[in-house]
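Q: First to last, the protein sequences are chains A and B.
Read in the working numbering, the first sequence has 275 at position 275, and its numbers run on one by one without any break.
Here the working numbering runs 1000 ahead of the position in the second sequence, where the first position is 1.
If you're looking for bench data, these hints aren't it; they were derived computationally from the structure.
Any given hint could turn out to be false.
Claimed, not checked - Interface residues of chain B toward chain A, partial, derived using beta-carbon atoms under 8 Å:
hint : residue
1    : 1059
2    : 1283
3    : 1285
4    : 1286
5    : 1287
6    : 1290
7    : 1327
Ideal Cβ positions, reconstructed from N, Cα and C, are used throughout, including at glycine.
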Amino acid sequence: MPEKVIMPQLGESVVEGTLIKWLVKEGDRVEEFDSLMEVESAKVNTEIPSPATGTLLKILVEEGNTVKAGTILGWIGDPEEKIPTGDGNYVEEVYSETTQPIQTQSEVVASKQDIGRNRDLGFISPVVARLARENNIDLSLIQGTGNNNRITKKDVLQFIEKSGGSEVDSETPAWETPGEGDLFRPTELQFPDRFKSTQPAVGKIEEKVSPTKVQTPVSSGDQIIPLTKMRKAIADHMVMSKHTSPHVTTVMEADMKLVSNHLKINKELFSRQGIRLTYSSYFVAATALALRAYPLVNSSWTENGILVKNAINIGLATSLEEEGLIVPVIKNADGYSISGLARVIGDLVNRARSHQLKPDDVTDGTFSITNHGTAGSLFATPVINQPQAGILGVGAIKKRVVVINDAIAIRPMVYLSFTFDHRILDGSTADNFLAKIVSVLENWQ
Amino acid sequence: MPEKTMVEAIRDAMDEELERDENVFIVGEDVGQRGGVFRATVGLFDKYGADRVIDSPLAELSIVGVGIGAALYGMKPICEIQFADFIYPAFNQIISEAAKMTYRSNGTWTVPMVIRAPYGGGIGGGLYHSQSVEAFFAHIPGLKVVIPSSPYDAKGLLKSAVRDPNPVIYLEPKKGYRLIKGEVPDEDYVVPIGPARVSRSGEDLTIFAYGMMHYYALQAAEQLEQEGYSAEVVDLRTIYPVDQKTILDSVKKTGKALIVHEDNLTGGYGGEIAAIIAEHGFHDLDAPVRRLAGPDVPAVPFSHPMQEWFMVNPEKIFKSALELARY
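Looking at chain A on its own, in the form it has when it is part of the complex (with noise of 0.2 Å):
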């Protein structure tokens, strides 16, 4: 591989030299240590040793040229080696030693982010090493301000503020995969015993609706899959709160920006102490927040009038695969911080995967979310689960061009539909609940 003839820095305080004059002419052999040019500065005036043995392939400096120390000023290498190009002439040289071959561009590329000293980026310290690794960034489109323009941990936590993430986490967060069809695996089909006098309205909706009872003609080659009792009981459940609930979705859309950034910086801290950080602990306090503002979304209907209900239990739709889909619910969501969310929603989740969540786990839930965005959904109208008067649809995240202070941005962005009970809310306060969602995420600190 070619090397570099670069500039040397001539006394301490000195930061430029002169080229005097090439001791060897383009396409001539040269022997390590042979003068190879003479070159005067401020303090000295010196012949300058080649550091390699070859042939010097390319004068980029010409005689009498003032260039920085570490500038390039040409190569030295094997006749019909190519010179790297893409590697600007003027480029500063972060180290001075010239004694290593200089990488071709597909090893700087490979060992961009391993710790130690790149040539082309400087020293990178662990620490930017690991926010590079996590946050999936590209350090040569990092500035330096340290020494010798290396890399600082500010450097790239700056950058991640500025450049607003550069993507959204590609990684499923665990509740978030996409269901098989069902919004909702009701959970008195999780623990019968525990609803059979508790929630005695099920059944009497159900006596009232008999949903099939249209007869579907069968051709041959049609098939047909026996009713499971769980199929059967999801079925009941999603008519019953159709007819129950006048079903009203709103839409609207929140910029992700800060929250993602949020994610991205406190992913890896929180991991460290076993914590995983997915969206949906933001989605969870906001919505906490929104129902704290406006409690009569906290509610249900009763005969007696509407229930408002004071703990605020949020579930979270979580797959379970082939075997359809459970609403774990996290108690008081309100009282939380977001690793204390983060932390719930993790335990919730593990134990819903292997099926040790208890019946207090899955009851109690006053508000339910779910997330069907990870299948590309971007928005959806959702089911209500009964008795609850309202549950939040949370759409893919996606960067989208925006219009921010009349100027072209590009967003993370996400729709959050919301379905409501028309009896117990009306639009205006669901559109209020919805945007307090909207403005938590947007202004998240």
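Here the structure of chain A is known, so what remains is to put chain B in place on it, guided by the hints.
A: Showing chain B alone in chain A's frame:
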């Protein structure tokens, strides 16, 4: 709250402990009638008598040996070693007897003893009145090693040390005896042995120090602020067992660590802090860990310019911290 010097706070702590518990007594060279060469025990001989403030012979081995024996019989000795430089004749007693007693007796015998020793240079003391000895003792499980850097901590930590069932080496930065002043409550309080203290909050780097160097580190941090850098300062206070969490939390926050001590560099206590950070905080580091310490020469020189060459001071800390902040 009254403002007091370090040495006054130390005297108050001993006075209150002598008053509180009749098993507490002081033994050391010139601690009685003379009131101690640094006046740390002044007035206590008159108040508590020759049986509880005991002038010893010039024999450190016996001071510590007497302390261990008395402690095994339930007394609470406070042994004063006049200068930490003189502690070596008692080294065997401390390491082989005091530190190991509880372990070797399976917990049936304890040595609730405090050894107070003024340490450190910069006071024109020359080779034999300036040494820093903390690294020897911070290596020994069975001992606790405490170094206060403020009058408040000096009183609270000494009271904790007297009440601790284990032998505690309590090192006093003697240059700070009258130089460092601060508010000290008159009432009874303790500062627990173990936790470090973030004495100044900052973002750009952390300076870890104890004793006199902590006092200097705060001054260096002031200078750094004028250069536009915010330095966090951590006063370790107890160097064995050391508070790893506070150290690592601070490194996580700032990404840069400067460890300062007056003792010479090689094998000095700073290596332990550096190792903790390297082992458990590597991925938080934004710069190589730095140590600033005395040079590896046999002792603090007597000649004044040579003494100043040896001593770490606020200016040296400032320069080293500034380089690190700019790294």
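Q: Work down the list of hints and note, for each, if the structure agrees.
A: Structure-based check of all given hints:
The criterion of a C-beta within 8 Å of any C-beta in chain A is not met by residue 1059/B, whose closest approach is roughly 52 Å, and the hint is violated. For residue 1283/B, the interface hint holds, the least distance from its beta-carbon to any beta-carbon of chain A being 5 Å, beneath 8 Å. Of the supplied interface hints, the one on residue 1285/B holds, with its beta-carbon coming within about 5 Å of a beta-carbon of chain A, less than 8 Å. Taking 8 Å as the C-beta contact cut-off toward chain A, the hint placing residue 1286/B at the interface holds, the least distance being around 4 Å.
The interface hint given for residue 1287/B is met, as the beta carbon of that residue sits about 6 Å from the closest beta carbon of chain A, less than 8 Å. Checking residue 1290/B against chain A: minimum C-beta separation of about 13 Å lies over 8 Å; hint violated. Here the hint on residue 1327/B is kept, as its CB sits about 5 Å from the closest CB of chain A, short of 8 Å.
Violation of the numbered hints given earlier is confined to hints 1 and 6; the remaining hints are satisfied by the structure.
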